[in-house]
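Chain B: place on chain A using the hints.
2 protein chains.
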Amino acid sequence: MDQKCEPFIQTRIFCPGPTPVPLEAKLAPLDSEIYHRSDEFYALHLKCSEMLRPIFGCEQIPVILSCSGTGGLEAAILNLTAPGDEVIVVNGGKFGERWEELAVRYGCDAKVVKVASGEGARAQDLEKIMVNCRAPKAFFVQANETSTGVRHPVAELVSVLKEAFPECLVVVDAISSLGAHPLNMNADGFDCVVSASQKGFGLSPGLAFIALSDRAWSRLSPRPRFYFDLAKEFKGQSKGRSAWTPAIGLIQSLAVVLEKIHGIGLEAMIRNHELLAGAVRASLPAMGLELFAKSHPSNALTSILVPKGLDGTKLQELLRDRYGVIIPGGQDELKGKILRLSNLGFVSRFDLVHALSAIEFGLRDLGYGPCSGVGLGSGVKAFMQALDA
Amino acid sequence: MDQKCEPFIQTRIFCPGPTPVPLEAKLAPLDSEIYHRSDEFYALHLKCSEMLRPIFGCEQIPVILSCSGTGGLEAAILNLTAPGDEVIVVNGGKFGERWEELAVRYGCDAKVVKVASGEGARAQDLEKIMVNCRAPKAFFVQANETSTGVRHPVAELVSVLKEAFPECLVVVDAISSLGAHPLNMNADGFDCVVSASQKGFGLSPGLAFIALSDRAWSRLSPRPRFYFDLAKEFKGQSKGRSAWTPAIGLIQSLAVVLEKIHGIGLEAMIRNHELLAGAVRASLPAMGLELFAKSHPSNALTSILVPKGLDGTKLQELLRDRYGVIIPGGQDELKGKILRLSNLGFVSRFDLVHALSAIEFGLRDLGYGPCSGVGLGSGVKAFMQALDA
Numbered sequence: 089m090d091q092k093c094e095p096f097i098q099t100r101i102f103c104p105g106p107t108p109v110p111l112e113a114k115l116a117p118l119d120s121e122i123y124h125r126s127d128e129f130y131a132l133h134l135k136c137s138e139m140l141r142p143i144f145g146c147e148q149i150p151v152i153l154s155c156s157g158t159g160g161l162e163a164a165i166l167n168l169t170a171p172g173d174e175v176i177v178v179n180g181g182k183f184g185e186r187w188e189e190l191a192v193r194y195g196c197d198a199k200v201v202k203v204a205s206g207e208g209a210r211a212q213d214l215e216k217i218m219v220n221c222r223a224p225k226a227f228f229v230q231a232n233e234t235s236t237g238v239r240h241p242v243a244e245l246v247s248v249l250k251e252a253f254p255e256c257l258v259v260v261d262a263i264s265s266l267g268a269h270p271l272n273m274n275a276d277g278f279d280c281v282v283s284a285s286q287k288g289f290g291l292s293p294g295l296a297f298i299a300l301s302d303r304a305w306s307r308l309s310p311r312p313r314f315y316f317d318l319a320k321e322f323k324g325q326s327k328g329r330s331a332w333t334p335a336i337g338l339i340q341s342l343a344v345v346l347e348k349i350h351g352i353g354l355e356a357m358i359r360n361h362e363l364l365a366g367a368v369r370a371s372l373p374a375m376g377l378e379l380f381a382k383s384h385p386s387n388a389l390t391s392i393l394v395p396k397g398l399d400g401t402k403l404q405e406l407l408r409d410r411y412g413v414i415i416p417g418g419q420d421e422l423k424g425k426i427l428r429l430s431n432l433g434f435v436s437r438f439d440l441v442h443a444l445s446a447i448e449f450g451l452r453d454l455g456y457g458p459c460s461g462v463g464l465g466s467g468v469k470a471f472m473q474a475l476d477a
Numbered sequence: 089m090d091q092k093c094e095p096f097i098q099t100r101i102f103c104p105g106p107t108p109v110p111l112e113a114k115l116a117p118l119d120s121e122i123y124h125r126s127d128e129f130y131a132l133h134l135k136c137s138e139m140l141r142p143i144f145g146c147e148q149i150p151v152i153l154s155c156s157g158t159g160g161l162e163a164a165i166l167n168l169t170a171p172g173d174e175v176i177v178v179n180g181g182k183f184g185e186r187w188e189e190l191a192v193r194y195g196c197d198a199k200v201v202k203v204a205s206g207e208g209a210r211a212q213d214l215e216k217i218m219v220n221c222r223a224p225k226a227f228f229v230q231a232n233e234t235s236t237g238v239r240h241p242v243a244e245l246v247s248v249l250k251e252a253f254p255e256c257l258v259v260v261d262a263i264s265s266l267g268a269h270p271l272n273m274n275a276d277g278f279d280c281v282v283s284a285s286q287k288g289f290g291l292s293p294g295l296a297f298i299a300l301s302d303r304a305w306s307r308l309s310p311r312p313r314f315y316f317d318l319a320k321e322f323k324g325q326s327k328g329r330s331a332w333t334p335a336i337g338l339i340q341s342l343a344v345v346l347e348k349i350h351g352i353g354l355e356a357m358i359r360n361h362e363l364l365a366g367a368v369r370a371s372l373p374a375m376g377l378e379l380f381a382k383s384h385p386s387n388a389l390t391s392i393l394v395p396k397g398l399d400g401t402k403l404q405e406l407l408r409d410r411y412g413v414i415i416p417g418g419q420d421e422l423k424g425k426i427l428r429l430s431n432l433g434f435v436s437r438f439d440l441v442h443a444l445s446a447i448e449f450g451l452r453d454l455g456y457g458p459c460s461g462v463g464l465g466s467g468v469k470a471f472m473q474a475l476d477a
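Sequence order for the protein chains is A and B. Residue numbering for the first sequence is 89 to 477, as defined by this note's numbering. Residue numbering for the second sequence is 89 to 477, as defined by this note's numbering.
In short, the hints are calculated from the structure, not lab data. Where hints are given, some of them may not hold.
Pairs involving identical chains hold if they fit within one copy or between any two copies, as the list cannot separate such chains.
Said to hold, decoys possible - Taking lysine-lysine pairs in the BS3-like style, the calculated list, with each CA pair at most 27 Å apart, reads: (1) Lys320 <-> Lys182; (2) Lys327 <-> Lys182; (3) Lys425 <-> Lys135; (4) Lys135 <-> Lys382; (5) Lys216 <-> Lys135; (6) Lys382 <-> Lys92; (7) Lys320 <-> Lys199; (8) Lys250 <-> Lys202; (9) Lys396 <-> Lys323.
The shape of chain A in the complex, shown without the other chains (with noise of 0.2 Å):
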């Protein structure tokens, strides 16, 4: 660590994923002793796909892949999209951005709702996109844009997109959302989610999970897959046998996260999720801060814009070396304008509180007006205040 950072500082993450891990979750590979051809393992992971699947809300259960969320992504266009296909794709920020580039990468012919860096799509922008589509064989979303911290209206596109297409799979994704906002494949007629590890089910990264629909099952494309072959993965995984080693330690854990998500209970995690980020966005004038997301603002994450004059690189730095937190800037060509402050997954008030009062600390430090003088802790006390409310 930076030698500038108080030695009784404890360093925090506060990303977007990776997430906190609980301890439980952490201690579970210890024992390694296992071997992914038994039983006992067999066992273990199909309970993790029946713990998923409510999760999920889909029929079947979700297929685990070890691998990084965008393999999940690249799993859903390889299993459910053939070249030539036409698609819409919602292109928002960066992980926008990679459903486009994974369709052109795969040959789709991608028809590109384009949405302004910090807005949420708009169904007029959709519908626009559409009058130009023959048969769109899928639909691409983010529910959630980790990038500019803005959560599209998913319900309002879908409803739009399914009038003039029903036929058109809808695959959303979800990576940063699920836990974080309420989702429901069959009561929202999705055909196609994709999650991964390290977001709300608070593990290290390394698995990505994708669930579909009962049609999506049906209408699996020709192209060649292997290592991201769903059907072939489905059918092992029904009876808790994935296709390859998976990474076992990170099934070990995801055990122990799934049990503790139904512990708490998913509406109760959901709530703890809007109650948080909604906290944080009323803090943020208390501390003359404003917020990026103009419209739909996400509940996974706060994106606030780093206050004019500011070098938002060098208040990260600052926040991360001197007081041990470590919250994400913006990608791209949003680097050093915003800071991305996560509360995905398993994140407290008091984890909040912590996050705060560092930024307010390092505002200061730059001599930054509101957070200086009196006005230091007004921020905090502004978070804690809208949660009495």
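For chain B alone, coordinates are given in the frame of chain A:
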């Protein structure tokens, strides 16, 4: 655990992956407050890449992928072949079969050197296949066929291959071989070597490693790929930056085991495998057992023929349930016919004393003469004598 197991016995795993994980490597991920987009993590990732390089013996750093070994094999096919390419595949078991499946799935014209189960590939069989080749793009082989416990004579095969087809890329699946048998990409003239975390590296599964020669880097295929795009990964990883979110915890553990491997010395690691596997083989006659490998036995694992009249699956279950010793059996058509006792990775003579002792007790329980009465313990004794020779 099964109730028949004495409560004092701790379960032990003797699989050719997953292999035992050193405690210090298990503990490294307990610090999960680390962001993968930070200088601290870039330095850790790059340090791993640099420490991997001498283990592969390659010019450029190997690429680290967050997936199982099979993902690494797919990456080799996707990056080095195009549809219609003629390739030669050695198939001497379940993993040779995987090369074949991958090549066929991705539209290669696969010429297969079929090897009898339990034998090493023969140069004359390769020559027969080569007669019908025009200009093979790549040659795919296992350094160690984990399913049969056989180590193919790769150097001999490659020398035959290169005489006729010097331009053919040599791609070696060294997943269960690296660290157990000598390998040096530069000296051996290999163009691509794949390995994985849960083998000689002594980690949990979830990482694959893939190293390319300069020649291979200059001949990447135009095939579309995304998650397994090696050029993109290589460019980023040269600065410690993986393209996608890496399995952070496994990278933390990897740094620990690589320090350990370099502390021991790669040559000493390999010598330990030679010594231990040699002594296991030497101990078999004392137990009335025979080696399944008819030629080129592996030093990573020993494939032991289950004595006639005994049910191998029952023996395996007995060892697991009564003695807490996990030794995998044969796969597919070898199911019930062999045991595959592994000494891959961080395994000592005392670990094998433990395993052999359990095998003897298990055979005695099944009424197998040579391990009963005064015979019991003869295998362990012979193993110790062999080490002392």
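Status of each hint after checking the structure:
1. Lys320 <-> Lys182: between (31 Å within a copy, 17 Å between copies)
2. Lys327 <-> Lys182: Answer is between; shortest inter-copy Cα gap is 21 Å, intra-copy 36 Å.
3. Lys425 <-> Lys135: neither (43 Å within a copy, 31 Å between copies)
4. Lys135 <-> Lys382: neither (41 Å within a copy, 41 Å between copies)
5. Lys216 <-> Lys135: Cα proximity of Lys216 and Lys135: none, with 44 Å in one copy and 50 Å across.
6. Lys382 <-> Lys92: For Lys382 and Lys92, neither the intra-copy (36 Å) nor the inter-copy (64 Å) Cα distance is at most 27 Å.
7. Lys320 <-> Lys199: Between copies only: 25 Å across, 30 Å inside.
8. Lys250 <-> Lys202: within (19 Å within a copy, 52 Å between copies)
9. Lys396 <-> Lys323: Neither: 55 Å inside a chain and 34 Å across chains, both beyond 27 Å.
Figure legend: structure checked against the earlier numbered hints; hints not met, in rising order: 3, 4, 5, 6, 9.
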